[in-house]
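J.: Produce the complete structure using the sequences and hints provided.
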Amino acid sequence: MADSGKERFLPHITSAFQRILSGGWIYLLFVGLFGILLLIGIGAGIHALFIAGSRHAYATSREIPVAILIATYVFFVVASTGLCLVSSLGHVFGLENFLPLAKRCVYLAIITILSGFLVIGLEIENPFRMAIYNVMSPNFSSNIWWMGTLYGFAVVFLTIEFILLFNEAHHHKAVIAGFLGVITEVAANSNLGGVFAMMHGRPYWYGPYFPVYFILSALITGCAFILFFFFLAHKAVNKKPFMETTQTALKAVSKLTLLLMAVMMIFTAWKVLTTSVGSPAAATALSVLTDGPYSFNFWTIEILVGMVIPFILILASRCRNLTVMFIAAVMMIFSLFFTRLDMVVVGQIVPQYFELGVVEYPKLHAYSPSVHEILVVLGGISFCLLAFLLGEKVFSGFADSPQTDIRKEETKDVAGAEELT
Amino acid sequence: MTDETNHKHFSEYPLDAERRAFLKIGLKITGVLAGGSILSLVSTINKAYSLDLFREKYPYKPHYAMVLRQDRCIDCEKCMKACIETNHVPDYGWRTRILKRELPAALDQKWEFIPILCNQCNNPPCVRTCPTTATYKDKTNGIVQMNNKKCIGCKSCIMACPYDARYYNEEKGAIDKCDFCFESRLSKGITIPACVEACPSDVRIFGDLSDPSSRVFQLVHQLQRPVWVLRQEIGAKPNIFYMKG
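So the sequences go chain by chain: A and B.
Under this note's numbering, the residue at position 265 of the first sequence is numbered 265, and the numbers go up by one with no gaps.
Under this note's numbering, the residue at position 225 of the second sequence is numbered 225, and the numbers go up by one with no gaps.
If you're looking for bench data, these hints aren't it; they were derived computationally from the structure.
Don't take each hint at face value.
What the hints assert, rightly or not - Taking lysine-lysine pairs in the DSBU-like style, the calculated list, with each CA pair at most 35 Å apart, reads: (1) B/K188 / A/K363; (2) B/K188 / B/K100; (3) B/K24 / A/K363; (4) A/K251 / B/K24; (5) A/K271 / B/K28; (6) A/K363 / B/K137.
Unchecked claim - Which residues of chain A face chain B? A partial, calculated answer using Cβ under 10 Å: (7) V92; (8) S137; (9) V195; (10) H200; (11) W299; (12) Y353; (13) L356; (14) V358.
What the hints assert, rightly or not - Listed next, with one range per pair, are the computed distances between beta-carbon atoms: (15) B/G173 / A/F9: 13 to 23 Å; (16) B/D91 / A/A283: 33 to 43 Å; (17) B/P90 / A/F267: 42 to 52 Å; (18) A/A169 / B/T140: 51 to 61 Å; (19) B/P90 / A/A283: 28 to 38 Å.
Where is the CB? At the ideal position from N, CA and C, for every residue including glycine.
T.: Structure follows, in structure tokens:
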């Protein structure tokens, strides 16, 4: 049995390994770099949690108990939901244009969730207890419980879907797994918003805004990740020209991005306007963003780099120039990371007793990440990029996607049919 | 491949059947999302009390509460020292402390001292957010307590607490907070927390809010002097009451 398994899988493993080695020295250099950064990140996290103590190694405190690591987790899992949602438009809901995205998107959705899990695993003080008591002692009124559990299920469904996508005979099952994946991802994402939205002790977060915002933001993040990774995969890693169907898909994605960004701008404007006249604590938190220490982050990185310039770039490229769209995606992803960080930190930046006017809390809290935290974040990002690079070679650039093949055949058929008519 | 199939795949507009199928899926997703959201709210329903209900009826027996007669506090910090000794609070944390407010325009004393501690809320945001029920509202006495072995250290309860009453205790490997000295004193038959015993000016009055003969009941229910809670607008229904005089 073991021998037959060995015989069955060994050639695949050997050839995948050879494909990785044949990637060229620049490819291998990046693989090595991300591998090292990943190991350093894991080492920094383990050192912080189990040797130095998070109180010493991380810059979080009683006042700001969660910060850049949770922001990174949010960044990745929201991206995963977005990737899953956008790709499901094709292979679950049947929108033809999005079909060629399926395999790589599902793979990216899996590795982004795992990147998030890696970072949060190095943030939570007792990750081993989590594995036990999440199951043994669940709190059904906790959004964190729902969020974690649903994302856990999402990984399982997406992995099953990914495996099934490789075999056209199981296409129907892949659609079912994909459907379950989408539902769990969206519910998990919404609950992630709920983690913040249900905190009535934090007026900046409290309210129905964030669960809805997170789904919208997930879609935008998903689009940006697709434009970014598809471009890199084709131009840098596999050095293959885009197939026409993939180009059509990416153009559809960029159109979707424009629409979603327009909605996001309206969302953001109304969040700013409504909060500015709301409770003093929420308004104070907002002023940190609009007119305080985080105003550069907000106006320059979130609004200008994250929304206005990419919107203009994509619009100017008429959703045709993939290089311009890639540049827009890079700006959006960079900005989205800071958007998550700002959201997490600003929500906690007003001291709970600020309005009492006591000498213990004369000013707002401050946070800047520690070296350990930055290393863990880089480790998480490196895991994502490393898994992407390896995935491109192991799965041969996802080129043999059954959907893509079918689409090609059907395109031929249509061309033939059109000629006939 | 037939023309019909081609048409199905490449018609610019979806067929009615496809459209219906798509809408059905949309409805299913909405249903699942709405269901999940409602489900995650179910268990909060029993915990939520309207303000009026809370005023008239106390859900625990004994319903432990504390009244802080703020103007009597002299900032001697004996309560804090007693708390630290009794509950082995490390130097980087606190379960109770005294905030100071300067009042330059005041005619008499220029300083006001405001003792703070866990408000043992009736609608505790920390309990709702804890994924593993490591922190819970005691069904008998209403004290918000910790089951340390279940604490995963996600710190969401620290984020959720409107009263800054929680911190991560390295030695315990769990969140630590005021439990009205339940573990160290009340459960051993001592009737009052250490801070109450240590206070030389009778600032802190502890007792059963559901017992009309208790001092806390009488102070909370008298009408001559105003009684308030901190951050009432949050809606956590705290059990720490403040008054002067």
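J.: Can you list which hints this structure breaks, lowest number first?
T.: 1, 3, 11 and 15
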